[in-house]
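Given these sequences and hints, build the entire structure.
So the sequences go chain by chain: A and B. Position one of the first sequence corresponds to residue 0 (numbering that gives the first Met the number 0), numbered consecutively onward. Position one of the second sequence corresponds to residue 0 (numbering that gives the first Met the number 0), numbered consecutively onward.
Worth flagging that the hints you see were computed from the coordinates, not collected in a lab. Possibly wrong hints are sitting among the right ones.
[As the list claims (entries may be wrong)] Away from chain A, derived, C-beta distances all over 10 Å, residues of chain B:
hint : residue
1    : 6
2    : 139
3    : 156
4    : 167
[Said to hold, decoys possible] Below, a list of computed lysine to any residue pairs in the SDA-like style, where the Cα atoms sit at most 20 Å apart:
hint : chain 1 : residue 1 : chain 2 : residue 2
5    : A       : 124       : B       : 185
6    : B       : 4         : B       : 24
7    : A       : 124       : B       : 95
8    : B       : 229       : B       : 249
9    : B       : 4         : A       : 66
10   : B       : 186       : A       : 42
11   : B       : 62        : B       : 40
12   : B       : 131       : B       : 176
13   : A       : 139       : A       : 117
14   : B       : 4         : A       : 114
15   : B       : 42        : B       : 155
16   : B       : 4         : A       : 23
17   : B       : 4         : A       : 125
18   : B       : 76        : A       : 125
19   : B       : 76        : A       : 23
20   : A       : 114       : B       : 82
21   : B       : 237       : B       : 285
22   : B       : 4         : A       : 15
23   : A       : 124       : B       : 24
24   : B       : 186       : B       : 258
25   : A       : 114       : B       : 81
26   : A       : 124       : B       : 42
27   : B       : 42        : A       : 2
28   : A       : 68        : B       : 58
29   : B       : 76        : A       : 51
Beta carbons: idealized from backbone N, C-alpha and C, even for Gly.
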Amino acid sequence: MLIEFIMNGEMMTYEIAGEETMLDFIRETLMLHGTKRGCENGECGACSVLVDGVPVNSCIYPAARINGKAVITIEGLGTAENLHPLQKAFIREGALQCGFCGSGMLLTAKALLDKNPAPTEDEIKAALSGNLCRCSGYVKIIRAIQAAAQELSGKEAI
Amino acid sequence: MSGYKYIFPADLPEALRILAGEEYGVTVLGGGTDLLVRVRDGKERPGALLDLSSLNLDYIEEKEAGVVIGAMTSLTKVIDHAVIRRRYPILAEAAAEVGGFQTRNMGTIGGNICTGLPSADMAIPLLVLEAKLNTVSLDGAEIIPVDRFFIAPRKIRLAPGALLKEIIVSSDRGNGARGSSFIKFGKRKAMRLCIISVGVNLLVDPATKVIDTIRIAMGTMSPIPLRLYKVEAFMTGKPLSDALLKEAVAIMETEISPRTSLRATCEFRTDLARVLLKRAVNLSAGRAMEGGAASC
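What follows is the structure in structure tokens.
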């Protein structure tokens with residue numbers, strides 16, 4: 000079937016198979032390897048991407064469903080020259096260890112801050128409950144999100 | 000995933016025609032958080048998936064008598080919706096306990112109950128709200144009370160060719176202050192599957208503590224999400240007290256039939272049920288006293 004969608008700001012049209020998952024499509028067809036293949040059961044969050052601004056697990060999300068929608072993967076969050084404030088904060092706070100959960104963590108955090116610019120620690124934990132970090136680096140991840148939230152709200156005030 | 004056709008019906012009548020046709024071995028796809036994992040694991044082998052996401056069944060409409068919730072409404076929308084939070088907070092409370100942020104964005108209220116699982120979190124608040132399910136097929140609409148919907152694990156009372164369109168929640172009349180609560184017990188704080196869940200919805204006189212109406216449901220304590228009618232009948236019309244709850248627990252034990260599974264033993268589940276029944280009733284009554292309005 001033919002799908003038309005916006006990927007990281009770019010309009011795209013592709014022919015896909017009905018049973019294709021968005022994860023397979025992103026990694027194997029679009030060759031965007033920032034989205035990670037983790038549990039493939041919708042539990043670990045490593046494959047999280049934003050569909051119309053909302054985080055979903057791309058491993059159990061049919062590619063057919065992105066027709067008419069806007070998708071953001073980690074490749075669309077910032078550029079190497081111009082990192083998103085969340086990415087800067089993750090680096091500054093040392094919030095990544097092995098880094099495998101990072102893409103999903105960052106995109107989920109972005110969706111959280113878009114919805115709630117000043118989340119409490121508990122709200123951050125609740126939002127990240129579907130993103131597992133097996134290095135168990137949650138403390139620094141939470142700290143980085145708090146720092147990014149402050150930076151982003153500071154910018155808005157100016 | 001194994002090969003299957005993926006169908007986006009143009010509208011509801013077309014969806015019903017495809018479903019009635021059965022030419023592909025059609026399985027209805029809601030949010031996909033349960034079904035697509037089962038397909039991947041080979042537990043389901045659909046000939047075709049009928050995706051309901053394009054049918055505009057994602058809505059929450061406030062009516063004078065209550066709310067109507069489209070079957071494809073995401074759990075996140077249920078949690079965030081102002082009318083739900085004001086009138087039926089137990090729905091938001093239960094939806095917040097499903098999976099994680101991502102699964103709640105994908106998962107739908109209709110899909111949650113159509114899994115037919117005894118652990119379906121949304122079944123519990125819908126049971127204590129005595130929700131009605133508007134199911135449709137080519138033959139027309141049929142309204143099914145939610146307590147008649149569950150037959151056995153993964154078996155629901157949905158005729159061949161029928162699908163769940165929307166969920167109707169109406170406010171019932173009664174005297175006193177209203178309070179409700181949903182408590183879920185799992186082995187960790189998030190992304191947990193249910194060992195036991197309890198929902199209570201009651202009307203109580205704040206002065207005398209006499210229970211005017213009470214509805215109680217439990218998840219994972221029988222092959223289907225369970226209404227505890229005997230406990231309800233026993234507690235109705237009596238003033239709430241520790242002694243009353245103790246007797247209620249004894250009756251509860253005759254109504255539940257928990258099993259031992261990977262997640263917990265039958266004995267542990269029964270122990271939890273004893274504690275959580277009391278806790279959920281007291282929490283609901285406390286909320287009612289704090290300012291639950293009789294208008295619900």
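* To do: Kindly indicate which numbered hints from before are broken by the structure, ordering the numbers from low to high.
  => 1, 11, 12, 14, 17, 19, 23, 26 and 27
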